[in-house]
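Q: If you read the protein sequences in the order shown, they are chains W and P. Under the numbering used here, the first residue of the first sequence is numbered 2, with each subsequent residue one higher. Under the numbering used here, the first residue of the second sequence is numbered 2, with each subsequent residue one higher.
These are calculated hints, taken from the structure and not from any lab test. Fair warning: there could be bad hints in the mix.
Claimed, not checked - Ranges between beta-carbon positions, derived for each pair:
no., chain 1, residue 1, chain 2, residue 2, range
1, W, Ser186, P, Gly59, 51 to 57 Å
2, P, Ala222, W, Glu124, 42 to 48 Å
3, P, Arg33, W, Asp50, 22 to 28 Å
4, P, Pro169, W, Lys227, 54 to 60 Å
5, P, Glu245, W, Asp237, 17 to 23 Å
6, W, Glu133, P, Asp163, 46 to 52 Å
Stated by the list, open to error - Lysine to aspartate or glutamate pairs mimicking EDC-like chemistry, simulated, CA-CA at most 20 Å apart:
no., chain 1, residue 1, chain 2, residue 2
7, P, Lys152, P, Asp32
8, W, Lys21, P, Asp194
9, P, Lys21, W, Asp208
10, W, Lys152, W, Glu124
11, P, Lys21, W, Glu218
12, W, Lys92, W, Asp42
13, W, Lys92, W, Asp50
14, P, Lys152, W, Asp208
15, P, Lys92, P, Glu53
16, P, Lys227, P, Asp237
17, P, Lys152, P, Glu99
18, W, Lys21, P, Asp42
19, P, Lys21, W, Asp42
20, P, Lys152, P, Glu16
21, P, Lys92, P, Glu124
22, P, Lys92, P, Asp32
23, W, Lys227, W, Asp189
24, W, Lys152, W, Glu142
25, W, Lys227, W, Asp194
26, W, Lys21, P, Asp208
27, P, Lys21, W, Glu243
28, W, Lys92, W, Glu124
29, W, Lys227, W, Glu243
30, P, Lys152, P, Glu142
31, W, Lys227, W, Asp237
32, P, Lys152, P, Glu133
33, W, Lys21, P, Asp32
34, P, Lys21, W, Glu133
35, W, Lys152, P, Asp208
36, W, Lys92, W, Glu142
37, P, Lys21, W, Asp50
38, P, Lys92, P, Glu142
39, P, Lys227, P, Asp208
40, P, Lys227, P, Glu243
No residue lacks a Cβ here, since even glycine has one placed at the ideal position from N, Cα and C.
Number of protein chains: 2
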Amino acid sequence: MANFHRAAAIVIGDEILSVKVRDTNGPFLIDRFRARGIHLDRILVVRDDVEEIAWAVGACRGRYAPIVTSGGIGPTHDDLTVEGVARGMGKAVVIHPELEARVRAHYGASMPPEALRLARVPEGATLLQTSETWFPVIRVEEIYLLPGIPKLFELHVAAIADRYQGAPFHLRCVYLSAGETAIASVLDRIARDHPAVALGSYPRMGDAPYRVKLTLEARAAEPVEKALADLLGRLDPGVVLEVE
Amino acid sequence: MANFHRAAAIVIGDEILSVKVRDTNGPFLIDRFRARGIHLDRILVVRDDVEEIAWAVGACRGRYAPIVTSGGIGPTHDDLTVEGVARGMGKAVVIHPELEARVRAHYGASMPPEALRLARVPEGATLLQTSETWFPVIRVEEIYLLPGIPKLFELHVAAIADRYQGAPFHLRCVYLSAGETAIASVLDRIARDHPAVALGSYPRMGDAPYRVKLTLEARAAEPVEKALADLLGRLDPGVVLEVE
Chain W
2 MANFHRAAAI VIGDEILSVK VRDTNGPFLI DRFRARGIHL DRILVVRDDV
52 EEIAWAVGAC RGRYAPIVTS GGIGPTHDDL TVEGVARGMG KAVVIHPELE
102 ARVRAHYGAS MPPEALRLAR VPEGATLLQT SETWFPVIRV EEIYLLPGIP
152 KLFELHVAAI ADRYQGAPFH LRCVYLSAGE TAIASVLDRI ARDHPAVALG
202 SYPRMGDAPY RVKLTLEARA AEPVEKALAD LLGRLDPGVV LEVE
Chain P
2 MANFHRAAAI VIGDEILSVK VRDTNGPFLI DRFRARGIHL DRILVVRDDV
52 EEIAWAVGAC RGRYAPIVTS GGIGPTHDDL TVEGVARGMG KAVVIHPELE
102 ARVRAHYGAS MPPEALRLAR VPEGATLLQT SETWFPVIRV EEIYLLPGIP
152 KLFELHVAAI ADRYQGAPFH LRCVYLSAGE TAIASVLDRI ARDHPAVALG
202 SYPRMGDAPY RVKLTLEARA AEPVEKALAD LLGRLDPGVV LEVE
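Please model the entire structure based on the sequences and the hints provided.
A: This is the structure in structure tokens:
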């Protein structure tokens, strides 16, 4: 089990960037990874373009793990993820013999020649069979190439998350009737005195019954509870609507 | 009116990357920009972190315009967008005198000192008053700093889009009962013979009444119609379910 907890996602597809399709894979990944203690640090959404994919891979490789790509896996002209990932890593694109065998078995005698594009991988890639789908996840170093179709994407994510289990997150929330500016100096103090705790401040507009939601979060419960007690001791009790 | 059509968005916020809040600003931006002929090329979602924001700005500056940031504008410790954008551009953070005057007028005599953080801008920034909200958009070069709160974000986007009007997009769609592999060679040919047309191929799973949706798109109608006619001439008519 790799000792990494900070992940990145590269979402590939003109259809996402033109809102023909709304990306649900990014939020799904955040949610599932989070349940395993893996924090998604970056989501890069890029076009179906080899240079763009290569840029995104270069910007994340070696800094995040796992790196999950979504989309651009398939037999058509706009499926460029394998080529883009390979270029971003300075690797060649090669035919993976076992994957070729699977593709041939899947299509049988009626296989069109374009189907063999599905057997291309960045050099050095291995296959990860994560579910009942016939097509495996292509893995190269800490990068996992997943199809963009949400149903397939979701099938594969759990198995990847299993390999990178981290400590769970502890989260407390405080809802306030005061605005951000009024509490900014208290937040400064809490952020400075409790550096192990991620302190978030989110203003709400319109209909919400509170004005600001604060979040306190860390990988252990104790520092979160300490920061929460300190915070509540410094806030005017009249502005605290709810603690959860 | 600037002669740019390719935009980028930088979405800033730990709350997005932990799905405490689902990003709606990215999709909103795609949609509104698209209606004005501006294509969003990249969406980079990063943490509330000065280095991360600076990295994203450096990766987009000079290549895309407009560049819109979402989030991290406010008076609290986790509002780091001004500092991150400044660092990414190699600029200092300075107090903008007119913005300071607006902040003082807004808060009046009861202004806490932290409110003055709202008057900080990257050096060389100008203010863009785009709506009825008292707080303006901070603009520096082609980068526009917008608040993450969707209601405020949306109020500001239209005015930015007005400055970058491009030619509209023409889109045709073809729905097929065939799978991607079977039509890959036809798509190769269309993509090669009609390079001015963006040809997309999107497989559907499950309940959809088609197997593949094709999209043909360009900034002028004529090349799209030519590519569509060519495509329909090369596909088996039996697999074409609908053209729209």
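Q: If a hint holds in the structure, say so; if it does not, say that too.
A: Status of each hint after checking the structure:
1. Checked against the given bound of 51 to 57 Å, the beta carbons of W:Ser186 and P:Gly59, roughly 32 Å apart, lie outside it.
2. Roughly 43 Å separates the CB atoms of P:Ala222 and W:Glu124, a value that falls within the hinted 42 to 48 Å.
3. With their beta carbons about 23 Å apart, P:Arg33 and W:Asp50 fall inside the hinted range of 22 to 28 Å.
4. The hinted range of 54 to 60 Å is satisfied by P:Pro169 and W:Lys227, whose Cβ atoms lie roughly 57 Å apart.
5. Roughly 59 Å separates the CB atoms of P:Glu245 and W:Asp237, a value that falls outside the hinted 17 to 23 Å.
6. Checked against the given bound of 46 to 52 Å, the beta carbons of W:Glu133 and P:Asp163, roughly 51 Å apart, stay inside it.
7. Straight-line distance between C-alpha atoms of P:Lys152 and P:Asp32 comes to about 15 Å, which keeps the hinted pair within the 20 Å bound.
8. Restraint check for W:Lys21 and P:Asp194: the C-alpha separation of about 24 Å exceeds 20 Å, so the hint is violated.
9. Only pairs whose Cα atoms come within 20 Å are accepted, and P:Lys21 paired with W:Asp208 is accepted, the gap being roughly 18 Å.
10. Between W:Lys152 and W:Glu124 the alpha-carbon distance is near 27 Å, which puts this suggested pair outside the 20 Å criterion.
11. Taking the CA atoms of P:Lys21 and W:Glu218, the gap is about 12 Å. The hint holds against a cut of 20 Å.
12. The straight-line distance between the Cα atoms of W:Lys92 and W:Asp42 is roughly 25 Å, outside the 20 Å bound, and the hint therefore fails.
13. A C-alpha spacing of about 17 Å is found between W:Lys92 and W:Asp50, which places the hinted pair at or below 20 Å, so the restraint holds.
14. Pair hint P:Lys152 plus W:Asp208 holds up; C-alpha atoms about 12 Å apart against a cutoff of 20 Å.
15. Taking the CA atoms of P:Lys92 and P:Glu53, the gap is near 16 Å; set against the 20 Å cutoff, the hint holds.
16. For the proposed pair P:Lys227 and P:Asp237, the alpha carbon gap of about 18 Å is at most 20 Å, so the pair holds.
17. Distance check on the hinted pair: P:Lys152 and P:Glu99 sit about 24 Å apart at the alpha-carbon level, beyond 20 Å; violated.
18. This hinted pair checks out: W:Lys21 and P:Asp42 have alpha carbons roughly 14 Å apart, not beyond 20 Å.
19. For a cut-off of 20 Å, the pair hint linking P:Lys21 to W:Asp42 stands: about 14 Å separates their Cα positions.
20. With a C-alpha separation of about 17 Å, the suggested pair P:Lys152 and P:Glu16 falls inside the 20 Å cut-off, and the hint holds.
21. Proximity of P:Lys92 to P:Glu124 is assessed by CA-CA distance (about 6 Å); at most 20 Å being required, the pair is judged to hold.
22. For a cut-off of 20 Å, the pair hint linking P:Lys92 to P:Asp32 is broken: about 32 Å separates their Cα positions.
23. The hinted pair formed by W:Lys227 and W:Asp189 meets the criterion: a straight-line CA distance of about 16 Å does not exceed 20 Å.
24. Pair hint W:Lys152 plus W:Glu142 does not hold up; C-alpha atoms about 25 Å apart against a cutoff of 20 Å.
25. With a CA separation close to 10 Å, the supplied pair W:Lys227 and W:Asp194 stays within the 20 Å bound.
26. For the hint pairing W:Lys21 with P:Asp208, the CA-to-CA distance comes to about 18 Å; that is within 20 Å, so the pair holds.
27. Between P:Lys21 and W:Glu243 the alpha-carbon distance is near 17 Å, which keeps this suggested pair within the 20 Å criterion.
28. Our distance criterion of 20 Å between C-alpha atoms is met by W:Lys92 and W:Glu124, whose separation comes to about 6 Å.
29. Between W:Lys227 and W:Glu243, the direct Cα distance comes to roughly 17 Å. Compliance with the 20 Å bound is thereby established for this hinted pair.
30. Of the pairs offered as hints, the one joining P:Lys152 and P:Glu142 is violated, with about 25 Å between alpha carbons and a cut-off of 20 Å exceeded.
31. With a CA separation close to 18 Å, the supplied pair W:Lys227 and W:Asp237 stays within the 20 Å bound.
32. About 12 Å separates the Cα atoms of P:Lys152 and P:Glu133, which keeps this hinted pair within 20 Å; it holds.
33. Distance check on the hinted pair: W:Lys21 and P:Asp32 sit about 10 Å apart at the alpha-carbon level, within 20 Å; holds.
34. About 31 Å separates the Cα atoms of P:Lys21 and W:Glu133, which puts this hinted pair outside 20 Å; it is violated.
35. Taken as a hint, the W:Lys152 and P:Asp208 pair is honoured in the structure, with Cα atoms around 12 Å apart against an allowance of 20 Å.
36. Straight-line distance between C-alpha atoms of W:Lys92 and W:Glu142 comes to about 12 Å, which keeps the hinted pair within the 20 Å bound.
37. With a CA separation close to 31 Å, the supplied pair P:Lys21 and W:Asp50 exceeds the 20 Å bound.
38. For the hint linking P:Lys92 to P:Glu142, the alpha-carbon distance of about 12 Å falls within 20 Å, and the restraint holds.
39. Of the supplied pair hints, the one linking P:Lys227 and P:Asp208 is violated, its CA atoms being roughly 31 Å apart against a limit of 20 Å.
40. Note on P:Lys227 and P:Glu243: the hinted pairing holds, with a Cα-Cα distance of about 17 Å set against a maximum of 20 Å.
When the structure is compared with the earlier hints, violations turn up for hints 1, 5, 8, 10, 12, 17, 22, 24, 30, 34, 37, 39 and for no others.
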